[in-house]
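Peer 1: Below, each chain spelled out in residue letters.
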Amino acid sequence: MLKGIIAGLLAVAFLSAPAFAADEATMRAAKKEGKVTWYTSITLNIAQDLCNRYNKKKTGVKCIVHRDGSGKLYRRYLQERKGGIYVADVIHTSNLGHFLNLKAKKIITPYKPAGTDNFNEKFVTKDNSWTILRAGVLMPFYNTKKVSEKDAPKTYADFLDPKWKGKIVHSHPSYSGFVTNGMINIVNRFGWDYYKKMAKQKPKIVQSAAGGIPLVARGEAWLGAGTTSYSLLKLMQKGEPLKPVIPPTGLALVTSPNGVFTKAPNPNAARVFTDYLFSREAMQLLADYFLYVGDPGVKYPKGLPALKDINLMAIGGDELKKKNKPTRKMFKKLFGV
Amino acid sequence: MTQDAQQLPGTISGGEPSATKKFDYTIIVWVVLLILLIILVANPIFQLFKESFFVSEDEAGGFTFQNYIDAFETDEYYKPMYITMMLAVSVGSISLVVGAVMAWVVSRTDIPFPNLIRNGILASFVTPPFLGAIAWIFLAGRNEGWLNKWIRGIFQLSDEFYLFDIFTMKGVVFAMSLYTFPLVFIVVLAGLNNISSDVEDAANVAGGGTFNTMFSITLPLVAPSLFAGFILAALEAMILFGIPAVLAIPAGQHTMTTQLRAFMVSEDDLLGLASAYAMPMLILAIGMVWTRGIVLGRRGYATVGGKGGQRRPQKLGVWRLPIFVLCMVPLVCAIVLPSLALLTTSFMKNLGGGLVWSNFTLWNYHFILTNDAVRESIYNTILLAIMAATGATIVAAISAFISQRKLIKGHQYMGFMATAPIGIPGIVLAVGLFAAYTKQPFVLYGTLWIMFLAYLTKYLPLAYQTANAGLTSIHPELEESCRIMGANRLQVFKDVTIPLFKTAVIASWILVFMPSLRELSASVLLWTTNTKVISVVIVDFYEETLLGPISALGVLLLLITLVAIAVGFRVAGRDFMRSAG
Amino acid sequence: MAVLDLKGLLKIFGTDVRAVDEIDLHIEHGELISLLGPSGCGKTTTLRLVAGFIEPNGGEIIMDGETVSNESSVIPPERRNMSMIFQSYAIWPHKTVAQNVGYGLKFRGITGAEADKRVKSLLSVVQMDHLGARYPGELSGGQQQRVALARALVVEPAVLLLDEPLSNLDANLREEMRFEIRRLHDEFNITSIYVTHDQAEAMVTSDRICVMNSGKIEQVGKPSDIYDIPATKFVAEFVGVTNSIPGKISSPELFEADDGAKFMMNPDGGKTGELVSIRPHRIQVHSENADVGGSDAQNVLDGEVTRGYYFGSTVDYLVKVPGLNEPLRVIGDPHEFFGVGSKVRLTIEKAAVILVSDS
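Chains as they are written, first to last, in the working numbering: chain A, 1 to 337; chain B, 1 to 581; chain C, 1 to 359.
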């Protein structure tokens, strides 16, 4: 038994040699590769900010962002792989289910980013297949100029009030892993009946989780059925007339993993860059954008409720993987697109 | 001399006579063209057809009709087809009425500034439809659209009141019609200008009044143009991707193009389903182009009499100004308002913040110009547009030259080959190219080349028609006279053909360059991380509702287009855009 | 200057259209010969064969003893030292008048001041010397025509080919340019082939006229011969107006019309044929029973006027004559006008009655 464990540990030590933080040799090799392509579903301005800061460090590795919805990134990578095209080095989406698939097909390879030893254990995986880069909640919200605090919905059910008909914006799960994740949580709690009624409210459909915010900010829609908490809070900080709804039933927690592709064209740069993503600097940046991160040392901005203060709903990767497709199908059926 | 005149130079088989034994270069030319046609059209369509009979996710699966069953059995997929048809008919009809009436007004009445109206309508091609649609969100959003706010302000109405709601099917029809009525206008105006005014004068002399003449003489004579215009507008409405993507999806409606794209970007591999779904579009589009060809082909009917001297414009009397104002409405809606909306939004810090100085920012421009992906997309866009314009122009110029100068055997099929892709909708072509060039042995996916192929195919007919028209105006005798003065074939080409053909070639280059700058329907399926173009970035941003950066990028795109047009006017003369119709 | 010989020249378009049907033609040094005929007669094709733009399917073209075209080899146009004037003038719109005229010189090794001098002198010959810097778009049709002439002549070609050069000009200008072309020919004396369908143009400009029809040569001769002694009905009718009377030779110098009338013929005319041709103005009209002298050198016929149009300088009559199925067309002197229904006596000189063949 003990023998087995030792053998196993040794095996891990050898086989998953790259699963350790980047050393000098990796650094040099990364510099030679010169660039890293990050497929990411985090909103573009954050992704770009991270990349720009990284590029300013002049590590010799240039970061290239390719931002898209979780589903589309997944499809795109598989499609490119089919054609023998390998562009992406690092992937980050909000769909744990996809990561299970990627892991099963050995499309991603284990890597343990530097400095994650003392991370909140919910943010790291035992086999290092991926590491959670950030977490957020799917937050309903409203426009404070159009809706008074008194009238504003307090619960999920309040969104089904006929007086909001045509004034809600809803994000499409086919493109946003964040939304799919949140929807599964809500369906678990309230059943599909909730969305049948939501469809009758004729919400405006946008194609990304954060896409609804500007519409509500402009007053084009009054309520948002759910968006990424970080985008919402950041824009509130900027002074947009928005406010979140925090239903007592709880908010869906969405954790977004980050992994390294097995066939990364720039394998060393991929690792160096991943290290950066989990560095204190990057972690603090994400925190400043109102995201929850695994690093216990970051300072969260004012206005971001502590996770322990929110009643959280969460699902595991397996459940996400199983319910992903049926959820999207059902949505299409109910909402038409 | 008709019989003699038909026998222009080199009509004899085997090409130009010469003292030496000649090599039959016919074969080489044909082989090259055939390969090109196979790469551009035949292979993608064949692959599309093939894929439609295999379920893509099922790797072991064999030949099946399952895709067709899936595509046409369920309501969700059936409904977009219905919506698309309704859109095509309504947009076609509205464009027909607006375009034809404006053409009549410009061609036949004493409306003030007819050239302003005419050039304005031509200029509405400058705004990419998807950009116009986005701008119209700012203008006619139900709650915050400027026009609604303005009306509320004037009439002191409640916040609940709205006159326009762009996120409806009516909004989609409106936005589409803005960009399709010019097609009708151009075709009908050409038709009207081709009718000798003597024919109408004769009707007047015979006792017919203005309206009687219009309905009993003019209308029947331009009927083919009207029909062709309707078909063009309806076809465009059917194959447009940008406007429905921007306006119909938020309204909970897919059209065939957006549904097709949804299949293609779904996290499930639905290439087979997408291929099956593309079939009715392909068949319909080809059918429409074909019908239009037949109707316009009866040329004796369409171009009666030729230009007949001085026209006697109909007097509009007191209606002159009101009608002028009415004619400006579509122009204002298609060009002025969207451009203003984009321009102001691009400088706004806070989208809900209104038009106040404290809300002014350059952040949106800073954002797009420091964003690597955007910068690369600008580079890619311009590079691709140059490649497509150059490629299409070269192929078009050579084919047109061979065709007009009857240089090789079978020259009469040259025009057909160059214009063969005309019926293929861009997005369908993209699915075909995707099916053909994402797998071994020809992997072009992930490179600019696959988009180059798409653009080349899409715009080759336009380039060919322009080059061909230009060449028609060069009388073969101009070349022969050069020949007999002592110049050989090459010198003739250098001294006469090229200088005279130059204008048409430049015009054709710019006419391909401009739409390539904003090509969306094919690009949106073919782009990859390294091959983004501006239009794709805009749609991308739209899906994240980054309206500020979109506006900035839109302004940039309009600027690039305007520069291209300015260069076009300078080099190729004022009327180079005319052949766009 | 050159001598041209076309021998058995044949050009077939498609599979069986014999556009030029084995024609033989000899053209002398410095001669201006017209190819005259209706549309599709093969005259332009003949010209293009001579120019070398197309190759013959048979026969040959010999220039100064050298074969320049035959079935198997064709010297390209640029090596024939010919010039051509086109129906559309083919003035290059992107070159100035002077550049147009001077273009051909560089291929003959003439450049610089010498070229300028020649261009100037040619432009002055065609009275265009003040317009050398203009672009063709700024010129009138007649001026463009003059540029085309200057351009063709400046290279001093061995042969000048003219393809309906005046057909795009308006009537007045056309008349003026006919004389101009003839004047230039007299000045430069270049062997020329002039294609036209206008008989007046051919008459004024040509030394000889070659009338073509359906790819074949009908008749070649001096303008006066073509007009006065046509060889065929086609020539008689195409070159001017005529009365063609079908019938047969009843005895030497006597022709009997199908309907009985008899005519004494010009002994210099054709010896065989199925018709006689009588030009309307060669018929004199006299009042009924007028004394017209003897009938041994002239034909005398009595008839009735069925139509008479007054033209100022002439009167155009139709006169019904017994023994002729068709009325005779007669151009008469307006000083003596005969109204419709008048009985008249016609006299026709023997020399005006020409026997022609039908084909």
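Check before you lean on any hint, since a few could be wrong.
Non-contacting residues of chain B with respect to chain A, defined by C-beta distances greater than 12 Å in every case (computed) [said to hold, decoys possible]: (1) MET85; (2) MET264; (3) ASN530.
Quick list of the computed label-pair ranges, beta carbon to beta carbon [stated by the list, open to error]: (4) A:LYS329 x B:ALA123: 22 to 30 Å; (5) B:THR370 x A:PRO301: 54 to 62 Å; (6) B:GLY287 x A:LYS154: 54 to 62 Å; (7) B:VAL567 x A:LYS82: 38 to 46 Å; (8) A:ALA114 x B:GLY153: 55 to 63 Å; (9) B:SER358 x A:ARG280: 53 to 61 Å; (10) A:LYS145 x B:TYR82: 50 to 58 Å; (11) A:ARG81 x B:ILE286: 44 to 52 Å; (12) A:GLY316 x B:THR74: 27 to 35 Å; (13) A:ARG81 x B:PHE493: 43 to 51 Å; (14) B:MET86 x A:LYS165: 22 to 30 Å; (15) A:LYS165 x B:PHE49: 40 to 48 Å; (16) B:ASP75 x A:LYS325: 16 to 24 Å.
If you're looking for bench data, these hints aren't it; they were derived computationally from the structure.
In this text the structure is predicted, and so the values were computed from the model without any measurement.
Backbone N, C-alpha and C define an ideal beta-carbon position, used for all residues, glycine too.
Peer 1: Work down the list of hints and note, for each, if the structure agrees.
Peer 2: Cross-check of the supplied hints:
Separation of MET85 (chain B) from chain A is adequate, the least Cβ-Cβ distance of about 17 Å exceeding the 12 Å criterion. Not every Cβ of chain A is farther than 12 Å from the Cβ of MET264 (chain B); the closest lies at roughly 8 Å, contradicting the non-interface assignment. Chain A draws ASN530 (chain B) into its interface by the beta-carbon criterion, the shortest separation being 6 Å against a cut-off of 12 Å. The hint said 22 to 30 Å for the Cβ distance between LYS329 (chain A) and ALA123 (chain B), and at roughly 45 Å that hint is violated.
In this structure the hint that THR370 (chain B) and PRO301 (chain A) lie 54 to 62 Å apart at CB is violated, the actual value being about 24 Å. For the hinted restraint 54 to 62 Å between GLY287 (chain B) and LYS154 (chain A), the CB-CB distance of approximately 56 Å keeps it satisfied. Between VAL567 (chain B) and LYS82 (chain A), the C-beta spacing of about 42 Å keeps the proposed range 38 to 46 Å intact. For the pair ALA114 (chain A) and GLY153 (chain B), the beta carbons lie near 58 Å from each other, so the given range of 55 to 63 Å is met.
Hint check: SER358 (chain B) to ARG280 (chain A), Cβ distance near 36 Å, so the stated range 53 to 61 Å is violated. The given range of 50 to 58 Å is broken by LYS145 (chain A) and TYR82 (chain B), whose C-beta atoms sit roughly 39 Å from each other. For ARG81 (chain A) and ILE286 (chain B), the Cβ-Cβ distance of about 34 Å falls outside the hinted range of 44 to 52 Å, so the restraint is violated. At roughly 31 Å, the beta-carbon separation of GLY316 (chain A) and THR74 (chain B) lies within the given 27 to 35 Å, and the hint holds.
For the hinted restraint 43 to 51 Å between ARG81 (chain A) and PHE493 (chain B), the CB-CB distance of approximately 49 Å keeps it satisfied. The beta-carbon spacing between MET86 (chain B) and LYS165 (chain A), approximately 24 Å, falls within the hinted interval of 22 to 30 Å. Range check, LYS165 (chain A) to PHE49 (chain B): Cβ separation about 45 Å, and the 40 to 48 Å hint holds. The beta-carbon spacing between ASP75 (chain B) and LYS325 (chain A), approximately 19 Å, falls within the hinted interval of 16 to 24 Å.
Hint compliance for this structure: hints 2, 3, 4, 5, 9, 10, 11 are not met, and every other hint is.
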